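Whole structure, please, built from the sequences with the hints as guidance.
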Amino acid sequence: NAGVTQTPKFQVLKTGQSMTLQCAQDMNHNSMYWYRQDPGMGLRLIYYSASEGTTDKGEVPNGYNVSRLNKREFSLRLESAAPSQTSVYFCASSPRDGTYEQYFGPGTRLTVT
Amino acid sequence: AQSVAQPEDQVNVAEGNPLTVKCTYSVSGNPYLFWYVQYPNRGLQFLLKYITGDNLVKGSYGFEAEFNKSQTSFHLKKPSALVSDSALYFCAVKRGYSTLTFGKGTMLLVSP
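Protein chains in written order, with this note's numbering: chain W, 1 to 113; chain L, 114 to 225.
Pairwise CB distance ranges, derived in the manner of DEER restraints: (1) W:Lys-9 with L:Lys-182: 39 to 47 Å; (2) W:Glu-73 with L:Ile-164: 26 to 34 Å; (3) W:Lys-71 with L:Asp-167: 30 to 38 Å.
Since the hints were made in silico from the structure, they are not lab data. A quick note: this is a predicted structure, and the numbers were derived from the prediction, not measured. For each residue, glycine too, the CB sits at the ideal point set by N, CA and C.
See below:
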């Protein structure tokens, strides 16, 4: 099992450009999450999908959109990138919400100039 | 609202010595508590969790954590540190079906 995979690993965007970060899991998990990690701020939840067909905002959703394409895939879209979105983005999944731990992908390092 | 505090940005310990990484939390009701570790340029890896039951929880790589309800703490411990334990450690809390809230992280540096 590959676990949680993310593409791309690195990306540089200019202000105003758009892009989609891809995430897939092969563990048959119901719940998927998108976080951003910034120095000294821990991980902050952007959006999550508790189950296929549902998505909800997290702590910092502004400037982002998500799509739960199917049970395996959960994408994050930046419609008009801003320098404040420079960060490392992690996708995670868990069997379902509640007491289960989350499994994380390797991350995407995004720089917006 | 729920929150996690990791009061130390960095913990330094010599190899072979015991280590403690501190975590306190604030949540209404019964908490679910987690510890994750992040090695450089990697995603987070689950170490251990407390859901209910025994206050002392054992996890991966010889780590353990003690849930203390009166002090609202969930400190991570290991009896004998290894250089390979050097990494960034995150404590996280949730309640029921709420989302997970992470602390800011503590860098653990184990010197040979």
